[in-house]
Amino acid sequence: MSELELRQTTVDAEAAHDREWARRGRPRAGTVIAGAFVVLLLAATAFPAFVATQDPNAISAADAFQPPSTAHWFGTDESGRDIYSRIVAGTGTSLLIGVTATVIGLALGLLLGVLASFGGRVVDFGVGRLVEVLFAFPGLLLALLVIVVAGPGPVTATIAVGLSTAPGYARIIRGQLVSIRSSQYVEAARVLGRPPRRILIAHLLPNALLPLVVLGTLGIGQAIVWAAALSYLGLGAQPPAAEWGAMLSAGRTYLQTAWWMTVFPGLAIVGTTIATTVLGRALARRERGAR
Amino acid sequence: MRTATPPARRTRAIGLIAVALAGGVLLAGCQAGEAPVSEEPVSGGTLRYASGDAEPSCLDPHVGGNYPQALLASQFLESLVSRDESGEIIPWLAESWEASADGLSWEFTLRDDVEFTDGTPFDAEAVKVNMEHLKDPATQSSTGYLALGKVDRVEVVASDVARFVLTAPDSALLESLSQPWLAIESPAGLARGMEENCQAPIGTGAFVVDGWVKQERVSLVRNDDYVSPPADAAHDGPAYLEAIDWRFVPDAASRYAALQGGQVDVIDNPQPDTIAAADESGAFAWLDAPRPGASNRIELNSSQAPFDDERVREAFIAAAAVDDGIDALYFGTAARSFSALSSVEALAYSEPALFETDLERADALLDEAGWTERDDDGTRMKDGARLVLRFPVSTNQSVPAEQSLFEQVQAAAKEAGFDVQISLLDLSSWYGALFAHEYEIVSAPYTKVGPDVLRILYHSDSITPAPSGYFANLAQVNNPEIDALLASAASTSDPAERAAQYEQAQRLILGGHYLLPLYDQQNSFLLSPKVQGARALPTVSTPSFSDAWLAE
Amino acid sequence: MTGRSAGTGVPAPRRGAPGRAARHLALLLGGAVFVLWAVATLTFFAIRLIPGDPAQAILGGPGSQASQEALDQVRRDYGLDQPLVVQYLAMLGRLVTGDLGTSYSLKVPVAELLGAQIGGTLLLAMCSLATAWVLALGLSLWSTGRGRVASALGQGIELVAAALPHFWLAAVLIAVFSTGLGWFPPVATGTPAGFVLPVTTLAIPLAGFLAQVMRESLLDAMRQPFVVSARARGESALGIRFRHTIRHAALPGISLSGWALGWLLSGAVVVETIFAMPGLGRTLLQAVTLRDIPVVTGVVLLVALVYVVMTVLTDLVARVADPRLAQEGAR
Amino acid sequence: MTANGADAVLELEELRVAFGHEEVVRGVSLTIAPGECVAIVGESGSGKSVTARSLLGMAGEGARVEAERLRIAGRDLRGAGEREWRRVRGRQAGLVLQDALVALDPLRPVGREIGDALRIHDRMPRGARRTRTLEVLADVGMPDPAAAVNRRSGELSGGLRQRALLASALVLDPPLLIADEPTTALDATVQARVLELLAEISGRGTAVLLISHDLAVVARLADRVLVMREGRVVEQGTVDEVLGAPSEPYTRALIAAVPAEVPRGALLSSEGSPVIAHPERVPIAPRAVSRGESADVPLLAFDGVVKTFPNRGGGRFTAVEEVSLAVHAGETVGLVGESGSGKTTLARLALALTTPDRGVVTLEGEPWSELGERERRPRRRRIGAIYQDALSSFDPRWNVGRILADAAGGQAANDAGARHPSRANTARRVAELLDQVGLAGGVAVREPLTLSGGQRQRVAIARALAAAPEILVCDEPVSALDVTIQAQILDLLDELQRERGLAMLFISHDLGVVRHMADRVAVMQAGRIVETGPAERVFAAPGHPYTARLVADAPRLAR
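Residue numbers (numbering that gives the first Met the number 0), protein chains in the order written: chain X, 0 to 290; chain D, 0 to 551; chain G, 0 to 330; chain Y, 0 to 558.
Keep in mind the hints are simulated off the structure, nothing from the lab. We put the beta carbon where it would ideally sit given N, CA and C, even for glycine. Please note that a few of the clues may not be correct.
Derived pair list, reagent style DSSO-like, types lysine-lysine, alpha-carbon separation capped at 27 Å [claimed, not checked]:
#1 G:K106 x D:K127
#2 D:K127 x D:K149
#3 G:K106 x D:K134
Pairwise CB distance ranges (calculated) [as the list claims (entries may be wrong)]:
#4 D:L353 x X:F46: 42 to 48 Å
#5 D:A233 x X:A70: 49 to 55 Å
#6 G:D80 x D:E154: 36 to 42 Å
#7 D:P479 x G:D80: 51 to 57 Å
Work the whole structure out from these sequences, hints included.
This is the structure we're talking about:
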């Protein structure tokens, strides 16, 4: 079992308990807030210029290390750049990293999962072992290896994080496909004489894949956090790109003098992770509630 | 930072759990009381040192030869000569020395009362063995090997007289020999072979390597028979300290926190902001010891476009405003430098006029150089090519403040239409980029005693890479005039002439717009008030605790 | 098995259990060996993709000015001039005998080096795992079945905890508990006190994850009929938690522990650096920057080994804790 | 004998339970004397379980419980607090739930579960607890109690674990035992044993409150019966009075709905009875097909079929062994047997969802099991299937309309591209199908999840009919349904079969149902068919001891 599978089971269980909700369809307060937050993030991604108050890269050494004020809501960093604006500017980058990494993980996981569940006994066994092997490289270690080979940088970091999540997805996808294939409604379709191709399109894929989208949203947050860790180790995004993880690690060194440099990017990351997770769960409840 | 921010509050709760975890353990923290400064040195005690430099892979500075090794080696190894504040070479293990008229042979008269800590006597034979050890490829020496470039062999004249025979006159020989990388080790110790010697080299120093726990600490204990302090030492005889606990604490914030918490007495490489804080609060003593050799500077790769055009180089230097940045980022702890050499070098030559920021001039020069068009993000173009400057930065060698400064340079240069592309790389990737000439600008420290460092950095010989691909002349300065000056300065025996030639060489180098000096190689230490009598050796500014004591 | 055996006596707990268990164990071990071999192979060839000359890494690492003969010398000594296959087989051969080769940078046997490091890291990981467990169980027990507010609060805490980046958490903890309150030293001093902050740093996010599943399985368990039976027996709410539901809550946590350990080892890279503790994480980081291939390989293998052992263990523990698994021979 | 309240163990008057504004129990009164067994019967939602739970103060979250009188063993429990209730539970009244597999903590040895009550109430030391536990296990007829105490519920057979559950409720021998559907999950023979045990227990002087939907069970065990409906007691009296001469139409409907001993073809769901959700009903036509011997080539035939499955830990276990069975056109063959006897495997073989190891299945003389899936596919429409759990046989993303349309699409859907029926056609077809199974056209847009159990099963039937099959394989089609709903479904199947001369392979563990539905019966035990023959004959004069035991153990109304 991995963190992803964990999340899977969690949302499943939660959804299971939440049937009534699914019927009533009235979202919870938390979901609404999370939704609002995500909308904010998307806005920041789409039109940073409007959301930000200043040029995120405008350096003025003169007003470095300004504490939060009306002029600089979140204060300024060591180069006098407006932290709020940088966080806004960083939204795109960070989300991109999170999303891309997740997509990579999902795609790979899907490939393996489908192979395992349709490739027959031998392939299944092989894939299973392969997944085990991938699991044997804990996330950051795998990332480090990839970086040793491919050299540091945001792209590598993203790929690395994506890779390290793949086995988790693979297992879930396999599990779902297998369980759906042996489900009664697929049997019913066979009894009606439906050919495999049609069963795949009509039943297997929709029922197996849509939950994955949900799972994806749950993964994004963690991807961002891991990418941040790589930035801390100096193996992540490159300046002046305002990436949250990079800002965080930059601020860390000035913790003694300028707490705001760490706190606000930190809150951005934590907030995003939470928001995506909450939304993901809400989605999942709809998802499973429909059953 | 405890202004009630959510995380802080959250951690409170966690703290309680943490306490529970700690169980009955007494508070290991906070006994950092201000001790009354007693004037009379007291003996005993263990000094706890937290080092932020990379952990050496071998404690023998002959092997390879980098600064982290020097830091530690200075505690247990000693050189033939040393330097005082004024930059004068002074006796250490050698009492006196004499160069032949042609400067091809040097005779060193050694102290005859010194023994290595393993009992082996220190004599001319030992010196001979050490120099041969350094020149032996199997030793994998890099710094020391280069420093002895002109030394052909060492002859034992008498048990206490060693003669260095040179292939060419070397005015830098004494300075070279003063460096920890050429320190004298026990022949018996060397004979044990590299693996063993790397773990605990044997010298004549005030302390002895007692043990090395990888990634944690090196423990050093007092050498009770110590008799050979350098001529400028405060006292003779064994050190006051019983031992030094040398810990590796890579994270700067943790290091300072440890000093504040009283887990350690001395830290190196403190964050500028913490230096400033400590300095004005007076809670900790600040030992500021810039490294000798080159200053920290940005080198401009003049061997390829766009910097093969001097106007573009000049434009960049005129555009890259750094003064405010240095003040802000270093909190006034670092002084702007206008020289290729460290301010501790007596022969350092500064020319501030060359480095005034002047955007108009930069623009004018670039237009003149043909970089007239600009693309939509403001970067200048010339027949299709964008004005891109690749700037590989080593995360191991550039402290955060410096990286921030480079970002500011990036921003400033953008005004003039340069597209500076910083890439933060780990050491290997960084060297990889350099070796492949994938850089227009780069900043690399180089520590060496004496102005001869100029020859290493700017002589055209240093353009041709070593088998490993390494080359020191990153600016790719290739100027016969400069070569000549550096060569003769390195071999002349007349100090005045030497000084003149070095100044002339520096004029040319600075005037050629090959580099943008920033500040001296920062090398600071923060000491808890109870640490007394510690100092940095004027050779390569490594700390020395042979005179230090802990006030109660 | 139901009706048919109704009349007959009590059936043996698990028919043919020994055979099944043995077979299962064999499968596990076989898988384990395979995983190790695959990891070794993958790493070996991946490393070959690394730009840069190993011989150079050996000679004082990057930036060394080693002479040509020195380089050749080293290539011969380390068999780097041999064809890849030979080197690969040689490596496998050495692995079988437990020899991980010699560190390029430190010039000491990797096995020895790592042997000195693994202890600390494992201790760190295990303590963190245990702590995370306690925190998670405590939180989920506290926040479930106590109405909407508590559960909302609980979920909130879980989410936040799970979202905290290690290095940030560490910084905040140091700022608060070392610099601020001066309770614990910011660098690991070898004393238990020095251990508190690193462990806490690793444990909190993990606890966040664990608590999430534990809550769900708790809720699940509380909906089970046996809870009704227990209440009908006069069991108190507390009794039900500790005598019944807590076990069910623990199960998924157990099966997660394998993953959790790997996750912790990742975190160790960061935590060990911040708190200046010797350990695998830091060794790896250093080896990566110095391109110390034998060490990198060694660490990866060791971690893989730990992971494999852990999964086998958790699997067995899970079976002990939940006989239903053993019966179906789950998985 | 009726309790006169004085020495009654349970005295309850005007019990009212409400959740929010919804009152689910509306004034229930009953008293139980020591040694007396009173049963509450009713269908799901009648409020019988809530009544039972309220007697233990466990009506549930946010329940408002009021009663004019609520005394157990003489102690007034109106407005009792949680701690007082806890003193009552286990000590004054024990509760037994439906399925011991989940009603006992699957992670704890049953010994501990039984011992708990002792620990809680008497703070009894370990040793003493153990002895008492063994004692009570012996009392409930657990073979080898010493071994049983260390087993977990999952490691015991259904019957034994139900006994263990009983033991856990009786360990303090409380004066009152509340049994909520205590035998519903059990096979007939096991059920019989457990019922006997319950009878024995009440015989020992324990007052038993039996909650059940199954009149037959009640008939066996209870002295008095209360019939509940929508929170009210609609009728009560001695078993003979209520079951023998019911006065209420609902009671009559209930009784009528029990298929046992109701002859083949007779209606189960009584005309116009209030329970029927869908009044539109087609009067049963005279038999369309003369069945049995008429068609000599069987429509579906098993010939020496063997099916085995790999056991975990090596070995194979045989699910179906040497089965030969024929289903002729228009006839219904009932297949009875207890769980694990291989009924379902046989069904899957018939549907060619799995292939036999040995032997063949043929369809109207032509190979069926031996065909490749490709050849088989076009013929599949000839066999339809109806499952026990209709819901899980529907794609969770599809609504009723789409499910039926898809099924009606038939060949068009299979050889895709071929003549697709127009939207209008499909819609009409869906409406037809819904009508045939007695569902309103509006159902087409509903999600199966939102339908009642009966409606779901009707949709399932409609889907099966859509492809116009010749034979239906029904695997426990009604065992999940309330008795009146079950009656409607059975009638519907019966009726459809007559109209279309369908053949049916009808699988059920409920002898009553099979007897009512089947022309011929096959009795399965441990993978073998031990007896086949005309339904009447087999049930009247079993030829095989196992059949005899089944018949004997099968609960029936008349005593």
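Hint check results:
Between G:K106 and D:K127, the direct Cα distance comes to roughly 26 Å. Compliance with the 27 Å bound is thereby established for this hinted pair. With a C-alpha separation of about 15 Å, the suggested pairing of D:K127 with D:K149 holds against the 27 Å cut-off. In summary, the hint linking G:K106 to D:K134 is supported, as the alpha carbons are separated by about 20 Å, within the 27 Å threshold. Here the CB-CB span from D:L353 to X:F46 is close to 44 Å, well matched to the stated 42 to 48 Å.
Between D:A233 and X:A70 the beta carbons are some 52 Å apart, a value that agrees with the proposed interval 49 to 55 Å. Separation of G:D80 from D:E154 is about 38 Å and conforms to the stated range, judged on CB atoms against 36 to 42 Å. Checked against the hint of 51 to 57 Å, the pair D:P479 and G:D80 fails, with Cβ atoms roughly 41 Å apart.
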